[in-house]
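Whole structure, please, built from the sequences with the hints as guidance.
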Amino acid sequence: MIDKKEAQKSGYKVATAANKLPEVKQAKIDQIKKLIPSLINSDGKLNTTALEGLLGVENVSANSQHYGLNFPGKGLAQIKAYEPTDKALQLEENQSKNFASTENVIIRGDNLDVLKILRQNYENKIKIIYTDPPYNTESDNFIYKDDFKLTENDLIEKYGIPEETVKLFDNLFGTLTHSGWLFAMYPRLVLAQQLLTDDGVIFISINDKEQANLKIMCDEVFGIDNFVANIIWSNKEGGGGSDSNLYKVKHEYILCYAKDKETLSVIGDDVIEDKSYNCEDKHIKERGRYKEIKLRSSSLNYSGTLNYAIKCPDGKKVTPNKKGEKIAIWRWSEKKVAWGIENDFIEFKKDKDGEWVVYTKQYFKVDNNNKPIQRALPPPAIIKTDEPNTPDEPSKHQVEELPEAFIDKYSSTMATKQMKALMGKSKMFSYSKPYLLINRLLKVMPDDDCIVLDFFAGSGTTAHSVMDLNREDGGHRKFILVQLDEKITAKSAPTAYDFCKENNLDKVISSICIERVNRAGDKIKEESGMLNGDLDIGYKVFSLTGRPKLVSDKNNNLNIDITFKSAKDILYNLITASCEYTLTEPIQELEKDLLYRVGDAYFVLGQCKSDLSKFIDYQIYINGYADIHLKDWLNLIELKRENVKILY
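Following this note's numbering, the residues of the sequence shown are numbered contiguously, the last one being 649.
Bear in mind the hints are in silico, worked out from the structure with no lab data behind them.
For every residue, glycine included, the Cβ atom is placed at its ideal position computed from N, Cα and C.
Treat each hint with caution, since some may be false.
Stated by the list, open to error - When the alpha-carbon atoms are kept at most 25 Å apart in a straight line, the in silico PhoX-like pairs for lysine-lysine are as follows:
1) K295 x K350
2) K286 x K276
3) K421 x K251
4) K276 x K292
5) K14 x K641
6) K317 x K362
7) K126 x K88
8) K98 x K421
9) K88 x K6
10) K492 x K426
11) K292 x K337
12) K336 x K366
13) K216 x K385
14) K286 x K337
15) K237 x K428
16) K488 x K88
17) K337 x K350
18) K312 x K353
19) K350 x K312
20) K362 x K295
21) K14 x K615
22) K610 x K569
23) K428 x K508
24) K5 x K569
25) K251 x K237
26) K353 x K323
27) K210 x K75
28) K317 x K350
29) K337 x K372
30) K372 x K292
31) K323 x K312
32) K336 x K323
33) K353 x K295
34) K6 x K641
35) K351 x K327
36) K292 x K366
Stated by the list, open to error - Using C-beta positions, here's what the derived DEER-type ranges look like:
37) D449 x S304: 38 to 48 Å
38) Y303 x D275: 24 to 34 Å
39) K318 x D368: 21 to 31 Å
What follows is the structure, encoded as structure tokens:
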């Protein structure tokens with residue numbers, strides 16, 4: 002093991018993957034300090050008095066009470082988002098498919114740990130997140146009971162939390178109470194927000210039980226201004242079930258938030274014909290039909306620059322207001338109106354009283370600058386089940402052994418039928434979603450070469466959807482799935498248990514997830530005729546293992562406890578610790594088990610024979626746990642130590 006202090010003393014950069022998340026918090030403090038130094042005290046804490054002075058009295062609350070979501074343990078949930086993970090990735094190459102070429106990833110393990118690992122090298126790289134968290138049914142203990150890395154004494158001493166409160170939290174957060182569910186979701190959403198690109202979006206499926214709480218939580222995590230829509234998913238066929246004595250509940254919700262709504266764009270439905278465009282003129286061939294829109298508006302904020310006189314065909318001048326009034330304005334500037342008159346985008350008509358009325362001509366084929374445009378309707382915030390399949394949608398494997406007519410393609414029933422057709426069993430998952438539903442969500446995003454993440458992967462529906470949509474439109478979307486190795490028993494899930502037993506799979510949910518993705522990919526590729534095509538139906542599988550740590554033996558000698566099984570395990574964890582490259586970056590082996598090239602960087606796993614001075618103009622990452630002696634070996638790269646980083 003390379004001595005960390007010696008490396009730092011010698012001028013080499015040192016990075017520890019486990020410490021990356023606390024650095025995020027510090028980075029935010031540093032940003033505030035750089036922008037307004039007076040807001041951060043010498044002890045690194047926020048100067049609230051200075052902040053209040055900066056904002057002014059009118060912007061400061063008179064008391065500490067404010068609208069928002071509060072629940073027992075919220076402070077601890079916030080801590081958990083930045084608490085380092087003690088987990089690392091372990092490659093499962095024997096469970097992977099098309100390992101060398103695929104850009105898809107499946108990770109088995111607790112998604113809180115996985116999100117922290119992904120954050121190191123996927124921050125601001127995920128365009129779309131769809132996730133379907135376990136609904137709060139209060140029917141059983143919550144499988145996502147998060148264990149604190151901090152001990153009870155740590156919590157009591159570091160954060161001043163009373164001992165009885167700590168014990169209460171430990172009991173409370175293991176059950177499906179509102180607080181337990183929110184406690185689990187909060188840090189995961191904080192991490193998800195950090196992964197999104199600036200123009201990225203997250204879709205979260207939820208039911209009535211926690212929709213209101215989740216909405217307020219997302220307002221806090223993503224920002225209320227980044228709320229996009231509360232999509233209503235009509236998920237039940239027919240008359241609905243007996244969910245309530247008062248109303249038949251036939252819908253659930255999909256909350257949609259953007260990382261930054263100002264940069265978000267979506268694809269609507271193209272409009273082929275719109276009957277409101279009912280006028281035509283000599284420009285119909287180039288511009289299409291048009292509709293008249295009054296230039297005068299009283300609903301916009303008044304501006305003196307938009308209150309001017311326009312000369313009409315008979316020489317008379319008209320203004321948007323009567324003399325002395327400041328009520329209405331023209332929607333276009335004076336310069337724009339002059340252009341509109343010259344280019345026939347302005348029309349003058351007399352009303353019944355003989356007074357001139359000025360209209361703009363909005364054409365169907367061009368915008369108000371005479372540029373070609375494709376008219377589109379924004380996607381509706383409701384997804385109905387009453388849309389029967391057409392002959393070419395869905396594809397054959399969706400309806401194999403099923404009645405083809407009038408299957409509601411977005412319904413929960415369709416999800417069950419899809420699982421039956423693909424897996425041979427229909428009731429392995431109680432609440433799986435039809436992949437055409439996720440297809441519908443993905444289609445509104447204009448980027449077809451992006452990363453799609455699902456950190457509550459369940460049966461792997463999101464991966465199925467990504468592959469099928471790529472088949473449909475030739476896109477190059479990549480998926481990352483995360484699924485806990487939740488145990489399956491004959492009592493808890495007999496159908497799923499039998500499926501695993503019959504197919505020689507480990508009896509955990511992630512096994513079914515991987516198998517479903519495997520079968521779906523093969524079926525899609527076979528039916529599309531792309532057996533030798535570019536459709537990526539592979540995936541790299543990883544599980545979680547413990548990070549290397551120092552342990553003492555019975556003689557109090559310190560030894561390194563390393564759980565990695567192979568050189569590739571070491572390499573992939575160095576890749577994540579580098580915070581530069583994704584898990585699907587092409588890898589070139591230069592010296593077996595010792596030296597690899599990833600992108601434009603070189604990763605040194607152990608004492609290799611290669612002359613590293615040849616690579617000194619590139620970034621070099623060195624395994625800090627390797628048996629390497631700095632003085633004997635690194636003298637080759639004395640000249641450019643800034644290009645060398647030692648990773649632990």
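Okay, the hints, checked on the actual structure:
| no. | hint | verdict |
| --- | --- | --- |
| 1 | K295 x K350 | holds (10 Å) |
| 2 | K286 x K276 | holds (17 Å) |
| 3 | K421 x K251 | holds (22 Å) |
| 4 | K276 x K292 | holds (9 Å) |
| 5 | K14 x K641 | holds (11 Å) |
| 6 | K317 x K362 | holds (21 Å) |
| 7 | K126 x K88 | holds (22 Å) |
| 8 | K98 x K421 | holds (23 Å) |
| 9 | K88 x K6 | holds (24 Å) |
| 10 | K492 x K426 | holds (17 Å) |
| 11 | K292 x K337 | holds (18 Å) |
| 12 | K336 x K366 | holds (23 Å) |
| 13 | K216 x K385 | holds (22 Å) |
| 14 | K286 x K337 | holds (24 Å) |
| 15 | K237 x K428 | holds (16 Å) |
| 16 | K488 x K88 | holds (20 Å) |
| 17 | K337 x K350 | holds (19 Å) |
| 18 | K312 x K353 | holds (20 Å) |
| 19 | K350 x K312 | holds (13 Å) |
| 20 | K362 x K295 | holds (9 Å) |
| 21 | K14 x K615 | holds (20 Å) |
| 22 | K610 x K569 | holds (19 Å) |
| 23 | K428 x K508 | holds (16 Å) |
| 24 | K5 x K569 | holds (23 Å) |
| 25 | K251 x K237 | holds (5 Å) |
| 26 | K353 x K323 | holds (18 Å) |
| 27 | K210 x K75 | holds (19 Å) |
| 28 | K317 x K350 | holds (13 Å) |
| 29 | K337 x K372 | holds (15 Å) |
| 30 | K372 x K292 | holds (17 Å) |
| 31 | K323 x K312 | holds (16 Å) |
| 32 | K336 x K323 | holds (22 Å) |
| 33 | K353 x K295 | holds (15 Å) |
| 34 | K6 x K641 | holds (19 Å) |
| 35 | K351 x K327 | holds (23 Å) |
| 36 | K292 x K366 | holds (12 Å) |
| 37 | D449 x S304: 38 to 48 Å | holds (41 Å) |
| 38 | Y303 x D275: 24 to 34 Å | holds (31 Å) |
| 39 | K318 x D368: 21 to 31 Å | holds (28 Å) |
Taken one by one, the earlier hints all hold for this structure without exception.
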